[in-house]
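Q: These are the residues of each chain, in order.
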Amino acid sequence: MKKNSPGISRRKILLGALNGTGLLLLSGCENIFNRLHQNQSMLTVLESVEGLNRRFLRLLTGRNKLAQEFSEKDISRYFKPNGNPPPFTMEYVLDATNGWPFWRLQVAGMVKQPVDLSLQDLRAMPARTQITRHDCVEGWSAIAKWKGVPLTEISRRVEPEASARYVVFYCMDTDARGSHYYESVDLHDANHPQTILAYEMNDQPLPIEHGAPLRLRVETQLGYKMAKYIHRIEYVASVKEIGSGRGGYWEDQGYEWYAGI
Amino acid sequence: MMGSLVYRHKRVTRITHWVNALALLILFMSGLQIFNAYPALHWGHKAEPDEAFFSIYASDETGVIKGYTQLFGWRVETTGFLGVQESDLGPFPRAFPSWLTIPGYFWLAGGRRWHFFFAWIFVLNGLLYFAYSLARGHLRQYFFTPRDTRRLLPMVLYYLRLRRESPQEGDYNPLQKLAYTGVFFFFTPLIILSGFAMSPQLNVAFNWLPAMFGGRQSARAFHFILTFLFFLFTFGHIIMVATTGIINNMRSMVTGWYAVKATSPEPEPAPPQPEAAPPEPAPEATETIPEAKIEAAPSSPQREEPSHEEK
Chain A
7 MKKNSPGISR
17 RKILLGALNG
27 TGLLLLSGCE
37 NIFNRLHQNQ
47 SMLTVLESVE
57 GLNRRFLRLL
67 TGRNKLAQEF
77 SEKDISRYFK
87 PNGNPPPFTM
97 EYVLDATNGW
107 PFWRLQVAGM
117 VKQPVDLSLQ
127 DLRAMPARTQ
137 ITRHDCVEGW
147 SAIAKWKGVP
157 LTEISRRVEP
167 EASARYVVFY
177 CMDTDARGSH
187 YYESVDLHDA
197 NHPQTILAYE
207 MNDQPLPIEH
217 GAPLRLRVET
227 QLGYKMAKYI
237 HRIEYVASVK
247 EIGSGRGGYW
257 EDQGYEWYAG
267 I
Chain B
52 MMGSLVYRHK
62 RVTRITHWVN
72 ALALLILFMS
82 GLQIFNAYPA
92 LHWGHKAEPD
102 EAFFSIYASD
112 ETGVIKGYTQ
122 LFGWRVETTG
132 FLGVQESDLG
142 PFPRAFPSWL
152 TIPGYFWLAG
162 GRRWHFFFAW
172 IFVLNGLLYF
182 AYSLARGHLR
192 QYFFTPRDTR
202 RLLPMVLYYL
212 RLRRESPQEG
222 DYNPLQKLAY
232 TGVFFFFTPL
242 IILSGFAMSP
252 QLNVAFNWLP
262 AMFGGRQSAR
272 AFHFILTFLF
282 FLFTFGHIIM
292 VATTGIINNM
302 RSMVTGWYAV
312 KATSPEPEPA
322 PPQPEAAPPE
332 PAPEATETIP
342 EAKIEAAPSS
352 PQREEPSHEE
362 K
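First to last, the protein sequences are chains A and B. Start counting the first sequence at 7; every next residue gets the next number (this note's numbering). Start counting the second sequence at 52; every next residue gets the next number (this note's numbering).
Hints in this document: simulated from the structure, not taken from any laboratory. Don't be surprised by glycine CBs; every beta carbon is placed ideally from N, CA and C. Check each hint, because a few of them may be wrong.
What the hints assert, rightly or not - Simulated coverage check for chain B against chain A, where a stretch passes if three residues somewhere in it have a Cβ under 8 angstroms from a Cβ of chain A:
1) 87–97
2) 160–166
3) 253–264
As the list claims (entries may be wrong) - To list a few chain A residues with every Cβ distance to chain B over 10 angstroms, as calculated:
4) Gln46
5) Leu52
6) Phe94
7) Thr95
8) Leu100
9) Asn104
10) Pro107
11) Val121
12) Arg134
13) Glu144
14) Glu159
15) Ser185
16) His186
17) Glu206
18) Val242
19) Gly266
Work out the full structure, taking the sequences as your base and the hints as a guide.
A: What follows is the structure, encoded as structure tokens:
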């Protein structure tokens, strides 16, 4: 070093070169990473940590611990209604404007007592009210007050068979191509005390844009798990045969089934 | 190049260094992809759209689309870099440009896959490194202790050429110790915890985790700001590497071997200089030599080899 302490000009050139290679490296990276991302075995490797995340985070939290509940004054002024537009079919609009006389929640699948429940039936069941934070996969959060039937109450009513492992929620809304939204949770989250089928938001009937008449709240996971416009629930042993087999609308497009992170 | 070669970096150090470099690069670029899905930062638990203290956005003004970056009350136009990116098909809205994100197109799910995979790599690799350096006694050499505090100012003065002798004792100078200790033992745990604080699963049972940052959105802001502290640290590190003999530095982190000047075999046992030293200090030169034996083998103080490997 003693022999050639770099002069200003040399240092400048060096920095310029470094900067240049840095940018070049990054745009080269873009291509490398894009190519890698389109490689199926690379994707399989990347996706392999999903199970690890689920086991690790659930191990840390254990069962039945509650998500933070807030007070009335924390409720968001604005709660973004994300996802598909509401299912504006003639049937849906007529039902919505008349207080849901025709809508039924069908609960079936691997259960001993399948049921069809009207909104009145659901309102007559034991309810839970919670002011919780909704975390969207995009990064934003919003707080609202939800009231609904705990999913455990539904399970108690229908008596799932021992081999049932997932609860699948079928929705009325569709994307631009006509695919129906659906979601699934396993029994770990289905049995969580804050997992509810909500029919009220901020003391009002669930608004159309937030999934009227019934939506799911799973406080242990991200927003896309919380299906809106639900009309059918199915207890199943596997989600492989449903949709593209990955357990949900967004999951079929590459998002994680386990959305606890 | 003349002088002798010392074995400066052990194999574990070199491997974990490069794994860490790759993991940080991927975490940075995939993190920006994730940020692009909602390019705004908030304080507290929730994100009221009109209360973002930082945002990157595109705005259509009289038919011309422009990119803006906003921080509190300030706003600067950043078209071409932040907010709006140029492409063959014309300008399009995008917070961070595609060449800074993984994947290089808008795909949040893909960004998350890369981010969570390399988060595991980053943490496990870091733990391996710490376990190794702790066992080898290397950690002790650069861990900043209260004893180093009084040497901080003299070190700054030395770098500013206002002081002749370096106050350094041992292999690392107090500023290096402060930087390494701060990044390894303060910023690294914080960036991991702020990442965990965004997990809805961990919000169950660990309500204090988002709360310790002031809320889930604050945790997200912390995660983002810490990212740029890491970026600055890495940038400074690369500048140092580049300006203090890039070939020699790179060789030592790839092969382990670092060349020291044969004419001044040891910088430490310098003769006790009188205060009035001759007026040719050339501090630039002595700056890098003390770092030469970062990883001296514990048995022999310095494994020196004759200069047989010169190029």
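Q: Please list, smallest to largest, the hint numbers that this structure does not respect.
A: 5, 13 and 19
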